[in-house]
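With chain A's structure known, arrange chain B on it following the hints.
2 protein chains.
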Amino acid sequence: MNKAAASNIYDILDDLPLDSGQVLTGAQIAYETYGELAADRSNAVLICHALTGDQYVASNHPITGKPGWWERMVGPGKPIDTDCHHVICANVIGSCMGSTGPASEASDGAAYAMRFPVITIRDMVRGLMALLDGLKIERLHTVVGGSMGGMQALSLAANWPERAERVLVIASTARHSAQNIAFHEVGRQAIMADPAWADGDYYASGASPDNGLAVARMAAHITYLSEEGLTEKFGRRLQNRKSKSFGFDADFQVESYLRYQGSGFTQRFDANSYLYITRAMDYFDLAEEHGGKLANAFHGTSARFCLVSFDTDWLYPTAESRHIVHALNAAGAKVSFVELSAPNGHDSFLLEHEQLDRVVQGFVE
Amino acid sequence: MNKAAASNIYDILDDLPLDSGQVLTGAQIAYETYGELAADRSNAVLICHALTGDQYVASNHPITGKPGWWERMVGPGKPIDTDCHHVICANVIGSCMGSTGPASEASDGAAYAMRFPVITIRDMVRGLMALLDGLKIERLHTVVGGSMGGMQALSLAANWPERAERVLVIASTARHSAQNIAFHEVGRQAIMADPAWADGDYYASGASPDNGLAVARMAAHITYLSEEGLTEKFGRRLQNRKSKSFGFDADFQVESYLRYQGSGFTQRFDANSYLYITRAMDYFDLAEEHGGKLANAFHGTSARFCLVSFDTDWLYPTAESRHIVHALNAAGAKVSFVELSAPNGHDSFLLEHEQLDRVVQGFVE
Numbered sequence: 001m002n003k004a005a006a007s008n009i010y011d012i013l014d015d016l017p018l019d020s021g022q023v024l025t026g027a028q029i030a031y032e033t034y035g036e037l038a039a040d041r042s043n044a045v046l047i048c049h050a051l052t053g054d055q056y057v058a059s060n061h062p063i064t065g066k067p068g069w070w071e072r073m074v075g076p077g078k079p080i081d082t083d084c085h086h087v088i089c090a091n092v093i094g095s096c097m098g099s100t101g102p103a104s105e106a107s108d109g110a111a112y113a114m115r116f117p118v119i120t121i122r123d124m125v126r127g128l129m130a131l132l133d134g135l136k137i138e139r140l141h142t143v144v145g146g147s148m149g150g151m152q153a154l155s156l157a158a159n160w161p162e163r164a165e166r167v168l169v170i171a172s173t174a175r176h177s178a179q180n181i182a183f184h185e186v187g188r189q190a191i192m193a194d195p196a197w198a199d200g201d202y203y204a205s206g207a208s209p210d211n212g213l214a215v216a217r218m219a220a221h222i223t224y225l226s227e228e229g230l231t232e233k234f235g236r237r238l239q240n241r242k243s244k245s246f247g248f249d250a251d252f253q254v255e256s257y258l259r260y261q262g263s264g265f266t267q268r269f270d271a272n273s274y275l276y277i278t279r280a281m282d283y284f285d286l287a288e289e290h291g292g293k294l295a296n297a298f299h300g301t302s303a304r305f306c307l308v309s310f311d312t313d314w315l316y317p318t319a320e321s322r323h324i325v326h327a328l329n330a331a332g333a334k335v336s337f338v339e340l341s342a343p344n345g346h347d348s349f350l351l352e353h354e355q356l357d358r359v360v361q362g363f364v365e
Numbered sequence: 001m002n003k004a005a006a007s008n009i010y011d012i013l014d015d016l017p018l019d020s021g022q023v024l025t026g027a028q029i030a031y032e033t034y035g036e037l038a039a040d041r042s043n044a045v046l047i048c049h050a051l052t053g054d055q056y057v058a059s060n061h062p063i064t065g066k067p068g069w070w071e072r073m074v075g076p077g078k079p080i081d082t083d084c085h086h087v088i089c090a091n092v093i094g095s096c097m098g099s100t101g102p103a104s105e106a107s108d109g110a111a112y113a114m115r116f117p118v119i120t121i122r123d124m125v126r127g128l129m130a131l132l133d134g135l136k137i138e139r140l141h142t143v144v145g146g147s148m149g150g151m152q153a154l155s156l157a158a159n160w161p162e163r164a165e166r167v168l169v170i171a172s173t174a175r176h177s178a179q180n181i182a183f184h185e186v187g188r189q190a191i192m193a194d195p196a197w198a199d200g201d202y203y204a205s206g207a208s209p210d211n212g213l214a215v216a217r218m219a220a221h222i223t224y225l226s227e228e229g230l231t232e233k234f235g236r237r238l239q240n241r242k243s244k245s246f247g248f249d250a251d252f253q254v255e256s257y258l259r260y261q262g263s264g265f266t267q268r269f270d271a272n273s274y275l276y277i278t279r280a281m282d283y284f285d286l287a288e289e290h291g292g293k294l295a296n297a298f299h300g301t302s303a304r305f306c307l308v309s310f311d312t313d314w315l316y317p318t319a320e321s322r323h324i325v326h327a328l329n330a331a332g333a334k335v336s337f338v339e340l341s342a343p344n345g346h347d348s349f350l351l352e353h354e355q356l357d358r359v360v361q362g363f364v365e
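Top to bottom, those sequences are chains A and B.
Numbering-wise (the working numbering), the first sequence opens with residue 1 and increments by one.
Numbering-wise (the working numbering), the second sequence opens with residue 1 and increments by one.
The shape of chain A in the complex, shown without the other chains:
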């Protein structure tokens, strides 16, 4: 039940070793590219996607038909300019848009489901590194990512420091906080409480835990928006009615919006992938991987870093970016940092934002 597999597929021929000690055999990576690779292979930009993102960064999504999730940022003449850069965006392992994940067939022909190994952010990057090996790209011009994409960029910089010249991390963090974990756990419990989840073995049944997944998405979606943004966008305005219904319909616009976000999400995403990817994010603590000191993760790096945060992002607040900047400073790395003002919280990295465009363009060019 890979919900789409229209992309290029790269077969990882070697076993992929994982942080858990397990290996993933016969893994595939689905990816999209934009722009020409230069003859000296020096102009590749790897874009890492967020939790529910995918490889369709600048092309229509095959299920929803909607434009790519960063179409405004990636393309000819855009901040990440495909007239001069070769952009690669791959679906992470564990996801459901063509790369190997819990919905993929295991060697016995049935879906992995919960037999899929628990993966980490570093494991996702291992998959991306295997893809770069296959594409014979030794060194990236830039690796860039927002949110979970930023975690991958940081993990790449820390664990494969020779593979990227520039590292651009937007609205991200070097570790998941207790509150971050708490929200993800609510989502996982919502999925697992749905009887259609069936301990993850729902692929053959024709049913899927859409109700639980929708609730998980609704809870997460609140964390992507700022309180101010919600007030401005919806306030207490009613949805297509003049007065309250004194019932349990979606009286308020914000209720209607959330329900729409929840149910729309289930059309394009696999519930088990949601479990695995949120788990990987919760496990992410780059300092812990490096002896408890974040600066160690970047010791001796020659890459240039750029960190961007948004002042209304309460999921990964500016303090988290600053924490990374301090570690990079302590490691003697070249780093620039900007906190941008934006009304829309964490989601700001996906939305129209001229200053963000200028920062990205200036750093990637």
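FYI, nobody ran anything at the bench for these hints, they're computed from the structure.
Where is the CB? At the ideal position from N, CA and C, for every residue including glycine.
Listed below are several chain A residues computed to face chain B (Cβ distance under 7 Å; list not exhaustive): (1) Val-118; (2) Ala-193; (3) Asn-211.
Below, chain B without anything else, positioned relative to chain A:
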């Protein structure tokens, strides 16, 4: 399925008119009292409880066996001193601890379930006023409440201004914001997505939507705590294990804590009551009830008000209390206001806090 009915029960003999236009016939109010009522009936303090609270403010909860939810605040020699005050705390209508709610029997002998009328905060206060009438208490020395209890105190002051001399509102708001509504909607959808909810008709089945209710409670619980408080209390510490399990057990203490909160809650609370009470809170907008201007709600009041907020409360932030204070100022009311510093977010009003004790004691004495 009223989960407990050990309290005093007051039968409301008249029909209770509701904001929806419906009436509630034969409603009952379960309540507890502490301390003696003075001969001149001038020392009554009404304590209004929060969303999942109840009348057991200073006595053991009959289901959990735990001490009353404000035992540290209410009792002989305590800030709300039962040596000199007669304290009344009643379960709100719509709840499930003895007052009439969706789990109560309707006139046909079956539980109301979703036939229970949608109520408002003002309707809850109508129930409380009927109780005060029955107890022949014309004027309260003080009405006090935290969170939803504060909404009731405000509604009482606005709609029955002659019934309270002092109004103490802690960690509350005069209206539910889009974000507040959004979190409640997630909880309601979690309950309604549980097949055991059965459109609310689960009372006779022996099953109940405990999984959905637990998820609702988990999501809400995050909003009661501050990010800093969660970090301090749990951080990324693991639960009874030395390393991550690479599975979906509760590896982190914060996960284990939330699961415990969720499942514990289902032992003592009715899912339909959760739907109705969250709805009442979402509908709450005291300005809207008074021509769109909050100051109108308090026009001509002779009561003294005290507002308290906590600096880390992101559910009902200080700005919401300040908004009420400005309205009270505009209405010419006597009001004092203090923002207290506390690490634990919204829940701070329930926790040990010496300064809060002093404020309450000073205002109520």
